[in-house]
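*Asks:* Okay, here's what each chain looks like letter by letter:
Protein chains: 2
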Amino acid sequence: MNNISTQPFSVNGKTYTPPAKPIVVICMDGSADEYLDTTMAHDRMPNLKKMALQGYRGMVRGALPSFTNVNNSSIVTGVSPAVHGICGNFFYDTAKDQEVMMNSSEYLRAETLLAAAANAGRKVAVVTAKEKLRDILSYKLNGIAFSAEKADQAKLDTHGIENAEQVIGHKTPAIYSAEASLFVLRAGVALIENGMADFLYLSLTDYMQHTYAPDTEESLAFYEAQDAELGKMLELGAIIGATADHGMNAKVKEDGTPNVLFIETMLTEKFGNGFRVICPITDPYVKHHGALGSYVAVHMDDVSKVNEVKNWLAVQPGVTEVYDKETGCRILEQPADRTGDLFVLSARDVVVGKTAAHHDLKALDGTLRSHGGRYEEMVPLVVSHPLNATYKMKTQGDPRNFDVFDFTVNGTN
Amino acid sequence: MNNISTQPFSVNGKTYTPPAKPIVVICMDGSADEYLDTTMAHDRMPNLKKMALQGYRGMVRGALPSFTNVNNSSIVTGVSPAVHGICGNFFYDTAKDQEVMMNSSEYLRAETLLAAAANAGRKVAVVTAKEKLRDILSYKLNGIAFSAEKADQAKLDTHGIENAEQVIGHKTPAIYSAEASLFVLRAGVALIENGMADFLYLSLTDYMQHTYAPDTEESLAFYEAQDAELGKMLELGAIIGATADHGMNAKVKEDGTPNVLFIETMLTEKFGNGFRVICPITDPYVKHHGALGSYVAVHMDDVSKVNEVKNWLAVQPGVTEVYDKETGCRILEQPADRTGDLFVLSARDVVVGKTAAHHDLKALDGTLRSHGGRYEEMVPLVVSHPLNATYKMKTQGDPRNFDVFDFTVNGTN
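If you're matching them up, the sequences are chains A and B in order. Heads up: the first sequence at position 393 corresponds to 393 in this note's numbering, and the numbers run straight through without jumps. Heads up: the second sequence at position 78 corresponds to 78 in this note's numbering, and the numbers run straight through without jumps.
Next up, chain A with everything else stripped away, as it sits in the complex:
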């Protein structure tokens, strides 16, 4: 714990003045506030409760679309997708006529505060559950960066760590498991304990939230196990800021079956060919959501019809918001060159997809819980230490989940 650098650093217009204590920011993937509420009501998150009591707990607004890599990119840069450029897992590159995957730092348009902290002398570690996030989060980082998914493949020269399983004392977990997230938190504890890191970003995965509602024993036990790791970090003197990338809602009809609007099919039936619907939630991991979220982008061959199509979509049941490019880019804070001609968001209980053939509903684990839209935008923020007057004031108004490093680093001294 000695020699922790307190040198200020600036990135993307904000200055961070870190205290001489381990800083841990956790992205509790998919943690709608209800998960915390329910587990706390069962007295199974004593450490989070202590954090809320001694520090701060409130709601913050995430970045849209309410997806994992969009919000992780925002959290580590401190800026919106309009600035950092990562607006989903996929976008359609109109110039190249290609659907392009964005899980790579080459698409990131802003520096990360993790890299800046490392340059200012902090021992930085990024641990993420899914390998897909590692490249973006470790952009230009001089430090440790590895995923739970491929912990056993981490090497000193490429990941800043070797023998990760031994260091952490746990085997590389299966990605579709509670263990995948718990491994990330346990790694955080081990890295602080061993003096290997004093500025950490721990990014969990939401397989459990996609699969289990808050009041199931599986979910309660999962959050209880997370809480135990929070306790260990607090014991080690860490200042913890925890938030989520997005919430999570059941997207089902009254009978429990998936509630899906296939937007490309709807548009083709109504207006004929010439539409390309991009589902930016699509990624190689589809078991938990079938590539169905509450947000899609629509590209149109004939953009002269934008208003007509927008007005028609806006009155379809289950659709809650439709924007053209100008309004959508402002309201949803999107980078104009990586988005469609129309943005479509759906209701709390509705997901939007492309066509039935594009989504394998049978791959789902029994239910459909997902995110991506407005009803998964608000997420909790918990900071372990009392906020100073300036940051207490900042909790009023419109604090964002991607202010979490700002609150944790600058708000607690």
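Hints are computed from structural coordinates only; laboratory data are not their basis. Keep in mind that this is a model prediction, so the values were computed, not measured. A portion of the hints provided could be inaccurate.
No distinction is drawn between identical chains; accordingly, a pair holds when it is met within one copy or between any pair of copies.
Straight-line C-alpha distance at most 30 angstroms; calculated DSBU-like pairs for lysine-lysine [claimed, not checked]: (1) Lys232 / Lys50; (2) Lys253 / Lys392; (3) Lys21 / Lys394; (4) Lys392 / Lys362; (5) Lys325 / Lys270; (6) Lys305 / Lys171.
Using the hints, position chain B against chain A.
*Replies:* Showing chain B alone in chain A's frame:
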């Protein structure tokens, strides 16, 4: 507690089959979930915690605009404003060229389930903090209906009760106080205790939430005192369903001053005269919010400009949603004949008003916390008893705050 009627009754397309226990539905006015979170973290709501543990706690979607009388009307009818017609405190009657106050049951277009319960043999009582709600809530009701505000004026032939202060054991409270809401809950306890009511609707007021953030001692003590009354009702064997009409957010800039867009001024400056902005939050009680909320309706002399004005408003900072009549009526579930040509909703930290001259910011109690928009739409639902399988399923998807009677009456047997 004897002879409680279990006769089913139907209203607005839904059938209610009440159990032989006191049914208490509480509208905790302005109770954003954060108020419950924070007070529970301080262990100062043991009874609400017990309810959440033994029964259910989750989030439900309120009616828009997220105002008090809109949602109270929805709760007692079980339907949206599109059906019951109460879409604010005020509307502009274009035919009569008049701004009309809607705090009267003559504007209610749906029967209430309170009146239906009374007709089915239940002893119904409505207690509301503010007198303004009494007329709507007691529409066609054969039972008790009075307000905390004018409890000392309640008479047997007009209010179904006399000597209310003696029955309840408390004096008529000041309306701008915690006591105004606590009196309502205490009245509920007394009415059950004395066998005067077995089907109650208790509607609180949000002066405290407009004035105090969740982590202030004033707020904590207020919720703790509410909880004590919940405990007494549970002791008396009541089944309790608690929800809120709307959430509450600080509508301030970084320096704590009110964050207001005067929409009529903006439109007049940009497009010239011919606009009438209606702030449907306006009512005789303005001390706590200055008639500023996150929703206004815009009437236009020249409706041919609707699209032009809509598109301009949609890109103004602080404005988050703008709808024309057709889309707005669908998305916001509004009655077309009582709304404007455009609907405008503002951000989590922004309120919309008419012109500076129309709003007395000096009347505010030191800060501006308000509601009316999308960011005050989601509210908690707590039911004291375990939900049956059918209603457990209904918590998935898109449950509404105005399903609270349905959940409490039909969901717990």
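*Asks:* Hints first: check each against the structure and report whether it holds.
*Replies:* Quick rundown of the hints versus the structure:
Within a single copy, Lys232 and Lys50 get their C-alpha atoms as close as 13 angstroms, and across copies as close as 29 angstroms, so both meet the 30 angstroms cut-off. Taking identical chains as interchangeable, the C-alpha atoms of Lys253 and Lys392 lie at most 30 angstroms apart only when they sit on different chains, with a minimum of 13 angstroms there against 41 angstroms within one chain. Taking the closest pair of Cα atoms, Lys21 and Lys394 come within 30 angstroms of each other only inside a single copy of the chain (23 angstroms); across copies the shortest separation is 46 angstroms, beyond that limit. In this assembly of identical chains, the alpha carbons of Lys392 and Lys362 lie at most 30 angstroms apart only when taken from different copies (24 angstroms versus 47 angstroms within one copy).
Taking the shortest alpha-carbon separations for Lys325 and Lys270, both the intra-copy value of 21 angstroms and the inter-copy value of 23 angstroms come in at or below 30 angstroms. In the homo-oligomer, the alpha carbons of Lys305 and Lys171 never lie at most 30 angstroms apart, since the shortest distance is 55 angstroms inside one protomer and 65 angstroms across protomers.
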